[in-house]
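Whole structure, please, built from the sequences with the hints as guidance.
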Amino acid sequence: SDHMENIYGYLMKYTNLVTGWQYRFFVLNNDAGLLEYFVNEQSRHLKPRGTLQLAGAVISPSDEDSHTFTVNAASGEQYKLRATDAKERQHWVSRLQICTQHHTEAIGKNNPPLKSRSFSLASQGSANSPGVQRRLSQNAVSFFNVGHHRLPTGKRVPIMQPDHLVDVREMMSQAEGQQRDLIRSIECLPVSGHLTSLDQDLLMLKATSMATMNCLNDCFHILQLQHASQQKGSLPAGTTINWLEPKISLANHFKNGAAQNFPAEINKPASVREEQSVAEPCQLTREPEEINPEEELEDICDDKEDDLGAVEEQRSVILHLLSQLKLGMDLTRVVLPTFILEKRSLLEMYADFMSHPDLFIAITNGTTPEERMIRFVEYYLTSFHEGRKGAIAKKPYNPIIGETFHCSWRMPKSDVTADAGSNFSAHSASEQVTLSKDLEGQTEPDYYTVKFVAEQVSHHPPVSGFYAECVERKMCVNAHVWTKSKFLGMSIGVTMVGEGLLSLLEHGEEYTFSLPCAYARSILTVPWVELGGKVNINCVKTGYSASINFHTKPFYGGKLHRVTGEVKQNMTNTVVCRVQGEWNSVLEFTYSNGETKYVDLTKLSVTRKRVRPLEKQGPFESRRLWQHVTESLRDGDIDKATEHKRALEERQRNEERLRAETETPWCTKYFLKEGDGWVYHKPLWKTVSAVQTQQMDTN
1 SDHMENIYGY
11 LMKYTNLVTG
21 WQYRFFVLNN
31 DAGLLEYFVN
41 EQSRHLKPRG
51 TLQLAGAVIS
61 PSDEDSHTFT
71 VNAASGEQYK
81 LRATDAKERQ
91 HWVSRLQICT
101 QHHTEAIGKN
111 NPPLKSRSFS
121 LASQGSANSP
131 GVQRRLSQNA
141 VSFFNVGHHR
151 LPTGKRVPIM
161 QPDHLVDVRE
171 MMSQAEGQQR
181 DLIRSIECLP
191 VSGHLTSLDQ
201 DLLMLKATSM
211 ATMNCLNDCF
221 HILQLQHASQ
231 QKGSLPAGTT
241 INWLEPKISL
251 ANHFKNGAAQ
261 NFPAEINKPA
271 SVREEQSVAE
281 PCQLTREPEE
291 INPEEELEDI
301 CDDKEDDLGA
311 VEEQRSVILH
321 LLSQLKLGMD
331 LTRVVLPTFI
341 LEKRSLLEMY
351 ADFMSHPDLF
361 IAITNGTTPE
371 ERMIRFVEYY
381 LTSFHEGRKG
391 AIAKKPYNPI
401 IGETFHCSWR
411 MPKSDVTADA
421 GSNFSAHSAS
431 EQVTLSKDLE
441 GQTEPDYYTV
451 KFVAEQVSHH
461 PPVSGFYAEC
471 VERKMCVNAH
481 VWTKSKFLGM
491 SIGVTMVGEG
501 LLSLLEHGEE
511 YTFSLPCAYA
521 RSILTVPWVE
531 LGGKVNINCV
541 KTGYSASINF
551 HTKPFYGGKL
561 HRVTGEVKQN
571 MTNTVVCRVQ
581 GEWNSVLEFT
591 YSNGETKYVD
601 LTKLSVTRKR
611 VRPLEKQGPF
621 ESRRLWQHVT
631 ESLRDGDIDK
641 ATEHKRALEE
651 RQRNEERLRA
661 ETETPWCTKY
671 FLKEGDGWVY
681 HKPLWKTVSA
691 VQTQQMDTN
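Position 291, counted from 1, in the sequence shown is what the UniProt record's numbering calls 291; the numbers after and before it change by one each time, with no gaps.
Rather than coming from a laboratory, the hints here were simulated on the basis of the structure.
Model, not experiment: these values are computed from the prediction.
Don't take each hint at face value.
Unchecked claim - Just the calculated beta-carbon pair ranges, DEER-fashion:
no.	residue 1	residue 2	range
1	P412	Q53	47 to 53 Å
2	P412	R659	42 to 48 Å
3	D63	L672	22 to 28 Å
4	K686	M204	39 to 45 Å
5	V586	E663	38 to 44 Å
6	V168	D299	45 to 51 Å
7	M171	E588	28 to 34 Å
8	P445	D63	36 to 42 Å
9	E663	T590	57 to 63 Å
Claimed, not checked - With a straight-line cut-off of 27 Å between C-alpha atoms, the simulated DSSO-like cross-links for lysine-lysine are:
no.	residue 1	residue 2
10	K553	K616
11	K686	K669
12	K559	K395
13	K686	K413
14	K451	K80
15	K80	K13
16	K80	K541
17	K669	K541
18	K413	K597
19	K13	K395
20	K13	K534
21	K673	K640
Cβ coordinates follow ideal geometry from the N, Cα and C atoms, glycine included.
Here is the structure:
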């Protein structure tokens, strides 16, 4: 009880890329199980600016430094906080963990899972069933036989109460030993012949048996803690509920279920030897390159990913991989099989989110702050559909550090919606022409140009930066994304950590936004993509914000790909627009005046991006860098694609090792580190400011 007092004080809270860290006054309300914060101590009597429920939350000290920690609520909301020193951080973390544990236990006590329930492990069957005759000492291949054996009718397992957990532990220990024997028996089988260690049914048995035992152990661990809580009234101090450690170590590389071996260097094709050659850091030109849009041609590449192809043929490899993964395992450093890759880099996937440049440019045409926010939400929700290449979930290439991708879109001005009440004056039009001439060196064309550049700025953690601008309309977007992938059993989850910033310089407005999580579901059958999580869009200047929920499908019932959201004015708390529908199908927008608009994403026109030919691209540009992998995948030569992919990854490791030995820091080409984010080196807001200053000096 001495540790359950309410505590309060100032902490720094990370807000977004624009405002960064801000001091806020935090209060830990132990009685209510809440963490609240206020602008300052004087406003403590007012309504909190934010509140987190601590029941079920996870309090995590950060690896970044000794001052930072995060509070992850069960709702998915997160506070990233920073104390003044390590001692203060430990004080807050320990008090928060105690409060969290107390209120989490309270939920468990109020909802006891075993109190009035009975579990029978027996089912009716013949007393002469072969399953009854098998003893627990027999080897596991016999125990886990394909035949389905049932216990005799006369021998029913007694009803299990909490005091019988010891018997359950004994039975589980026996099952664990037999499961280990099963794994060893499968792995000792020959790699060729009638029955091999890579037999699809055996690999399925291996994967499911391991997943079953891990889940049973985790559940039993939780039941033990809950039983202790019911008997003693509280859990032991410092107790946490975690997933258990994996029983089998994970191999580094896989090729058709086995460690990959490559032929000698002399037998490798020239393209592979070129990919593996290590370039000295001083030989790499890291100076930003100005891409001439006139060199870019309309993209004719159309690699749809609707064919299962090798995924069907290589299912045994997937099973082998799954059998050695653990729930919640970070997949960042796991080398996945080549055949699950789609034929483009992650950097190019970000570019494909911009495939509706007409909707992007039309944002700034809104005549009011409300209309501009609604237009941005409409554009945001239409971007995800085209970002996917087909219905089959495949993984884009992991960009190597220093990799870049450039492209652009041309949009005829007549195709961009411009309202009759647009507030573009003759003066602002003149400024646009002047800016265009200064930046492009030519008279204003009859089309708008949207330029895009992306760069992989970090390898561990994997962080990408991307930037797009339309000079004529004085608008640009800057974002950085850290992709964190985890194994979730029969699916893979990818969290997009980071933030984007849309700048409408004509109106002096900045919109911050986040990205949803992505999930690859049903990875053993027909994998498909699902988006999930809550994202926020906010404009501080106008006071308008949007909250969008991407709903994952419930286990029973429900619809796929559902999204809901609303746009509101924060000062009046008035909802001005509601949206519902599917992010890959039809969206319905309902406005405050009662009007409703439907957007069929499958019928929206897609503008093809413009990309330089391979021969004009630099060695670190995505398509040239991955060209041999892409060509091999198109030809269906998985082994050759794997070889080229391995060569690129090996080159990256060698260069990273060389930089570590020579203590040479990595220098990015287009993006600069600012706080926790990455910003394009020459954003439009700096260029516009410089042009306006020059005009004022001339006048």
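The hints, checked one at a time:
no., hint, verdict
1, P412 / Q53: 47 to 53 Å, "51 Å, holds"
2, P412 / R659: 42 to 48 Å, "46 Å, holds"
3, D63 / L672: 22 to 28 Å, "23 Å, holds"
4, K686 / M204: 39 to 45 Å, "57 Å, violated"
5, V586 / E663: 38 to 44 Å, "56 Å, violated"
6, V168 / D299: 45 to 51 Å, "60 Å, violated"
7, M171 / E588: 28 to 34 Å, "53 Å, violated"
8, P445 / D63: 36 to 42 Å, "50 Å, violated"
9, E663 / T590: 57 to 63 Å, "59 Å, holds"
10, K553 / K616, "45 Å, violated"
11, K686 / K669, "18 Å, holds"
12, K559 / K395, "24 Å, holds"
13, K686 / K413, "25 Å, holds"
14, K451 / K80, "33 Å, violated"
15, K80 / K13, "6 Å, holds"
16, K80 / K541, "23 Å, holds"
17, K669 / K541, "32 Å, violated"
18, K413 / K597, "23 Å, holds"
19, K13 / K395, "34 Å, violated"
20, K13 / K534, "20 Å, holds"
21, K673 / K640, "37 Å, violated"
In this structure, the hints that do not hold are numbers 4, 5, 6, 7, 8, 10, 14, 17, 19 and 21, in rising order.
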